[in-house]
Amino acid sequence: MNKPHTYPLSMRVVHWLMAALVLSLLFAGLTMVKSLGPWQQQLLAWHKVMGVIALLAIVIRLIIRLRSETPKLPDTVPKMQQLAAKLTQFGFYVLLFVMPLSGYLMQNAAGRPLSLFGLPLPTLLNTDLALYGLFREMHGWAALLLVLLIVVHILAALYHGLIQRDGVFRSMVRK
Amino acid sequence: MAAAVYAVHFSGRAPVSAQDFVNLQQGSQIQAGFRRAHANGFCISGEFQASGELAAYSSAKALQHGSYPFIGRISIAGSNPTAPDLRAPVRSLALTILPDTVHQWRTAMNTPPVMAVATPEKFFQQLLAIQTNTVPQFFADHPETAHFLEWRSHYQPTQSYATERYHSINAFYLVDQQGKQQAVRWAAVPLTDDAGVIADEEAPDALQQEFFRRLQQGPVRFDVQFTLATANDNPADATIPWPETNPQLSAGTIVIEQASVQEGGACNALNFDPLVLPVGFAPSADPILRARAAAYAESHRRRAREVLMQQVAGGADE
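Line by line, the protein sequences give chains H and R.
Going by my numbering, the first residue of the first sequence is number 881, and it counts up by one from there.
Going by my numbering, the first residue of the second sequence is number 37, and it counts up by one from there.
If you are wondering where the hints come from, they were derived from the structure by calculation, not from laboratory data.
The structure displayed is predicted, hence computed values, not measured ones.
Hints are supplied without guarantee of correctness; some may be wrong.
[Claimed, not checked] Estimated spans, in silico, between C-beta atoms of each pair: (1) R:PRO193 / H:ALA899: 50 to 60 angstroms; (2) H:VAL893 / R:GLN167: 52 to 62 angstroms; (3) H:ALA964 / R:VAL126: 52 to 62 angstroms; (4) R:ALA318 / H:ALA899: 26 to 36 angstroms.
[Unchecked claim] Computed list of chain H residues with no C-beta within reach of chain R, every gap over 12 angstroms: (5) HIS885; (6) PHE907; (7) LEU942; (8) PRO1000; (9) GLY1020.
All C-beta atoms, glycine included, are put in the ideal place defined by N, C-alpha and C.
For reference, chain H alone in the conformation it holds in the complex (with noise of 0.2 angstroms):
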């Protein structure tokens, strides 16, 4: 089976705009919640806005996976550390589907319906104190994982670009 070196475009440009939405969210959401400053608002508002258009991505890029051929591992990357690249993506998955999805349904329990642009959004929970209580610490806690993740992968892409240059970094960046 002749696997392709590179990741499809579709891919590529879809994780690197990702990229940026992500760190973008975790910047404000975790400065939000610390800061008294007057901007504290607007950030919230913006941070809300682009949260539901992260879902939306994340089912996309999810799509576009599942629908694309993607590049294998070379061989000389060891068992150990495939195993750990498989598990690092699976777990930038499922937090990219945890972080929107908690922060949607903790401002429900809170009594808080969100809307996009104006257009209400539905209400999926009644307003409970320890729903909220779970939601919210379910998007507390999955935000530093995130924030790990995001460092542990960094790293390997560093390590794969600038050390092993075995082609594992190009394969998100260029044909």
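Got chain H; can you put chain R on it based on the hints?
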């Protein structure tokens, strides 16, 4: 402990965070599952009968002529959910009008009409001063507290929650269809002459008992009076009262029909964040208003986590 917080945060390095505020408010005795400020309170519900008088200034649904349901909460200041309510320095009335909709308007009103200080940093210092018993020195060092002290010098707490005036304190903007903004403050003004009778002055919930008994006789009403700012008023400064000559309009009547304890009550899940505003309202630039939202959110997170853990523990016991 307070001194340590002070040392870290007023040495000119880290700004005060929402977590610092809530840490300070909850004190060393954490009351799991309760609000970190205004812990002692009860739920109310009823209707807001909007007059439509403010419809020309705002496109908000709650200000168009009509009747809209609300969920609310009456409370006293402090972190102790069983503190004697008659002795609290501040009483509060909070409302979520049109709950569970994108039109909802949340407001948290208190008995003082103004803030003692104008910024979150100074408010934090004021809370520290209360804990370290240095309030007189704090007031002396902050001349902007003059209007608050003037109010406090002739404020007489009443014998009933139904006969207090509750103020938005911070200013907001009303926004009309064309996007034109008008700065406003509002207050809930009591509509009853019945002063009320406290059955048992020693009861920690004396005021709550009085209110529950009063509701058995019929609904409790408040007029919601809006004061419009003029060019001389600064909407970003909550320490200065606006002149009584400013235009005043009645937004409508709050009709409180039911009350219940907060445990299991509809108000318990709500965070009365004054920045949950519908289209037709906008926050002013008042930095205290912005800080209230962040601190309330942190308090909401903490008590929700505790209630979740209690339910998980309770479920495991069964």
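Checked hints:
1. R:PRO193 / H:ALA899: 50 to 60 angstroms: 57 angstroms, holds
2. H:VAL893 / R:GLN167: 52 to 62 angstroms: The hinted range 52 to 62 angstroms holds for H:VAL893 and R:GLN167, with Cβ atoms some 55 angstroms apart.
3. H:ALA964 / R:VAL126: 52 to 62 angstroms: 56 angstroms, holds
4. R:ALA318 / H:ALA899: 26 to 36 angstroms: 34 angstroms Cβ-Cβ, so the 26 to 36 angstroms window holds.
5. HIS885: 46 angstroms, holds
6. PHE907: 16 angstroms, holds
7. LEU942: 29 angstroms, holds
8. PRO1000: 5 angstroms, violated
9. GLY1020: H:GLY1020 is in fact no farther than 12 angstroms from some Cβ atom of chain R, at 8 angstroms.
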